[in-house]
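So the sequences go chain by chain: V and C.
Those letters in the first sequence? Residues 1 to 450, by UniProt numbering.
Those letters in the second sequence? Residues 1 to 450, by UniProt numbering.
If you are wondering where the hints come from, they were derived from the structure by calculation, not from laboratory data.
None of the values given here were measured: they were computed from a predicted structure.
A portion of the hints provided could be inaccurate.
Since the list can't tell identical chains apart, any single copy or any two copies may satisfy a pair.
[Claimed, not checked] Keeping only pairs whose Cα atoms sit at most 25 Å apart, straight-line, the calculated DSS-like set for lysine-lysine is:
| id | residue 1 | residue 2 |
| --- | --- | --- |
| 1 | LYS75 | LYS192 |
| 2 | LYS219 | LYS344 |
| 3 | LYS97 | LYS272 |
| 4 | LYS314 | LYS345 |
Number of protein chains: 2
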Amino acid sequence: MDTAHVSSQKKPHVVIIGGGFAGLHCARGLADADVKITLADQHNYYLFQPLLYQVATAALSPADIAAPIRNILRKQQNVSVILARVISIDVKNKLVKFQHGDLAYDYLVLATGATHSYFGRDTWEQLAPGLKTVDDALEIRRRVLLAYEAAEWEADNQARQAELTFVVVGGGPTGVEMSGALQEIAAKTIPKDFRHIDTTTARIILVEAADRLLMALPKELGEQALRDLQKMGVQVRLNCRVTEMREGEVQIGDEILPAKNVIWAAGVRGSKLAETLNVELDRQGRVLVEDDLSVPGHAEIMVIGDLSHVSNSKTGKPVPGVAPAAIQMGRYVAASICSHLAGKKQPAFEYHDKGTMATIGRNRAVAAIAGRHFSGFFAWLIWSLVHIFPLIGFRSKLSVIFAWVLSYFSLNKSARLITGQSTTQITKAMSSGNRETTMEKDPAEKNIHA
Amino acid sequence: MDTAHVSSQKKPHVVIIGGGFAGLHCARGLADADVKITLADQHNYYLFQPLLYQVATAALSPADIAAPIRNILRKQQNVSVILARVISIDVKNKLVKFQHGDLAYDYLVLATGATHSYFGRDTWEQLAPGLKTVDDALEIRRRVLLAYEAAEWEADNQARQAELTFVVVGGGPTGVEMSGALQEIAAKTIPKDFRHIDTTTARIILVEAADRLLMALPKELGEQALRDLQKMGVQVRLNCRVTEMREGEVQIGDEILPAKNVIWAAGVRGSKLAETLNVELDRQGRVLVEDDLSVPGHAEIMVIGDLSHVSNSKTGKPVPGVAPAAIQMGRYVAASICSHLAGKKQPAFEYHDKGTMATIGRNRAVAAIAGRHFSGFFAWLIWSLVHIFPLIGFRSKLSVIFAWVLSYFSLNKSARLITGQSTTQITKAMSSGNRETTMEKDPAEKNIHA
Chain V
1 MDTAHVSSQK
11 KPHVVIIGGG
21 FAGLHCARGL
31 ADADVKITLA
41 DQHNYYLFQP
51 LLYQVATAAL
61 SPADIAAPIR
71 NILRKQQNVS
81 VILARVISID
91 VKNKLVKFQH
101 GDLAYDYLVL
111 ATGATHSYFG
121 RDTWEQLAPG
131 LKTVDDALEI
141 RRRVLLAYEA
151 AEWEADNQAR
161 QAELTFVVVG
171 GGPTGVEMSG
181 ALQEIAAKTI
191 PKDFRHIDTT
201 TARIILVEAA
211 DRLLMALPKE
221 LGEQALRDLQ
231 KMGVQVRLNC
241 RVTEMREGEV
251 QIGDEILPAK
261 NVIWAAGVRG
271 SKLAETLNVE
281 LDRQGRVLVE
291 DDLSVPGHAE
301 IMVIGDLSHV
311 SNSKTGKPVP
321 GVAPAAIQMG
331 RYVAASICSH
341 LAGKKQPAFE
351 YHDKGTMATI
361 GRNRAVAAIA
371 GRHFSGFFAW
381 LIWSLVHIFP
391 LIGFRSKLSV
401 IFAWVLSYFS
411 LNKSARLITG
421 QSTTQITKAM
431 SSGNRETTME
441 KDPAEKNIHA
Chain C
1 MDTAHVSSQK
11 KPHVVIIGGG
21 FAGLHCARGL
31 ADADVKITLA
41 DQHNYYLFQP
51 LLYQVATAAL
61 SPADIAAPIR
71 NILRKQQNVS
81 VILARVISID
91 VKNKLVKFQH
101 GDLAYDYLVL
111 ATGATHSYFG
121 RDTWEQLAPG
131 LKTVDDALEI
141 RRRVLLAYEA
151 AEWEADNQAR
161 QAELTFVVVG
171 GGPTGVEMSG
181 ALQEIAAKTI
191 PKDFRHIDTT
201 TARIILVEAA
211 DRLLMALPKE
221 LGEQALRDLQ
231 KMGVQVRLNC
241 RVTEMREGEV
251 QIGDEILPAK
261 NVIWAAGVRG
271 SKLAETLNVE
281 LDRQGRVLVE
291 DDLSVPGHAE
301 IMVIGDLSHV
311 SNSKTGKPVP
321 GVAPAAIQMG
331 RYVAASICSH
341 LAGKKQPAFE
351 YHDKGTMATI
361 GRNRAVAAIA
371 GRHFSGFFAW
381 LIWSLVHIFP
391 LIGFRSKLSV
401 IFAWVLSYFS
411 LNKSARLITG
421 QSTTQITKAM
431 SSGNRETTME
441 KDPAEKNIHA
């Protein structure tokens, strides 16, 4: 890196964009460095994303898995946190452009992660929400809960079946976890809550384009996950693609499936901000970085986390877009900046794979750790421990353990609240499917009190 | 009541509208009755409203104080729950009209409660949200947290002061609790989270039109609350009225106060549904009911909870709009329906005042119980116990105790998440005050890194 631009009068200014795993661990890694840090994020919270599907399926509250970034960094005096969305990067003048003004940097760390990719079918976004932010999770929770409410009211059999059909697109960890949790809700959590529908007849369909689930994990574990999901009642469709989507129906290959609820867990692509760097991106919109995670030609800009495309320096294998990789990159870049300020250079970034895992329902999981494979209850225990310990904040740790223990024994999902929508919208959502039919006769005779 | 309309073939149909304290306790009171019950609510959750201000001030999560109505009633087989908004009541034909269709009733229990009243100034609603639903609380939480974010970014002193001015309108329990909690956030919870503003300079102003706080409690306790709030730093303005409100400023009497955050805790009025009954309402839009809580001329319709205007049959004093009154009315009407079905008649409704209380900050409260007055820490302990025990669900009880104990010792408010707003809107909200000023120069030099 070039230090010519760093004034000797002022402390070097490190601007980190994104307060996820990568950005936050980078900021923490610079705690003792003689730099001035600004961390900007468009949300005020750090989110423990691996548990986000539990918010979407009403097992946890947002505050259980998210914490204010400011609060996490409150004791680190060299960091300023700002809540703001970055518009673009002016690489030439070393400026980060916000709507309000510009911010000059000496080092820039880009950690804005990935967002959903609908493979160019942008209209699908409204029909099939993805799962990246707390608001995404609350929207999915709202839709799932409203589907059962609408089904309870619905008089027409076919329309009711469409309300009770949940299609999850994508068989990676999020898709596997979501479909397992949705199946559990239908079969175990809510059957007694309804009087007019049998929620155990709800269909959870997991669609995956490849010939197996969990491509990032060893084949054997993908097969185990398939067996577990099928045993629970999830309909898994491998080698299938969603070819079209309209309000109320999904086309899988040539088959048109009436389904009111679709959840997108398929493609991801790098955040759009990367495009403003004017450097080479891969097909998923991620930045092709050097082996020290810097942008080619700009040693002062580093890209970390899901937005970074890098291969392991030793094995040559691409570093996966998972939390441990993001954390390691954040720490590496922090050390890298410290080395640079001391006039030294670090060896290339190397990813240490500590294991990959996914959970399937209430007490099953699959895990690949240090070359060994685990499944079933033991894998689920490992999964639970691994996911609770990194939670920032004592309250979060205890609160999640507490919620899990209770939900494990009671089969209850305590956060089943429909929020964020005015009543008019609720009524509209509920009536959109079959309004004329139900208006024809007194629903009291047709369905509500049938 | 007249039984002529109750068919001997079918079970009598009791329709309860509203799943709050009153409606839910009425439904539960009918658990063993040989009736068919439908409970309709526009939300899917029962809400423990006395703790709602703790969600608005980020101490608790919505799921801690709310639970799905269906789930609460899942074991009571004679109840159907529907999520739907009622449009009107057709008293003549004994029909409840929903958007989807009609529902015939034999007994109708109206428990739709009260909503905010802006005294005819409906444009104020957008500027000064009230606190009745979970969504209201999340909106207030969002606005309060965003105000500090905007202040941290704001370069102009006056605009920053306006961001840090919180006006609470109305000195009843909600106003007293909100202003105490807001003061605690500013003075104790978040000072270390910010680098550029001193959050202890935030002004919390409580405006009350009367000459004292907590009109529903004995005078002595209103005075104690005033002293406690003032000691904490809340500016209490008695004998003051909000005369005008515009974006960014509030007029109190003749004084114009730059304030970006206003919270409405002043007037309430009965839910609009009461108007469709075509019976006499009081000035607050509540139904003037008979001493058995039925509507004059319609013994089959009963109005309970905050929507009911009734005086105590013995003392002649009006029954206050508080949770214990709503619960007692719900139970009374359930018993009343049972008596009626058995061909008997109950004595008039009588309200048993078990005490009134309000909390002021982290460890102070005022309480009037059985003619005795309490204040300080002991009153707060009573307040806590009284408010935790009625919480429905084991998880809620433990979770709230747990959150309180932690926040008591850590001064932390764990649910400080800004959700429910797209980033564009956040940026807009933040930039609306002083966008041009900050755009003139590099904010890095002006404020962010001043």
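Structure-based check of all given hints:
1. LYS75 <-> LYS192: between (48 Å within a copy, 7 Å between copies)
2. LYS219 <-> LYS344: Neither way: LYS219 and LYS344 sit 42 Å apart in one copy and 72 Å across, limit 25 Å.
3. LYS97 <-> LYS272: Intra 14 Å, inter 49 Å, cutoff 25 Å: intra-copy only.
4. LYS314 <-> LYS345: within (18 Å within a copy, 87 Å between copies)
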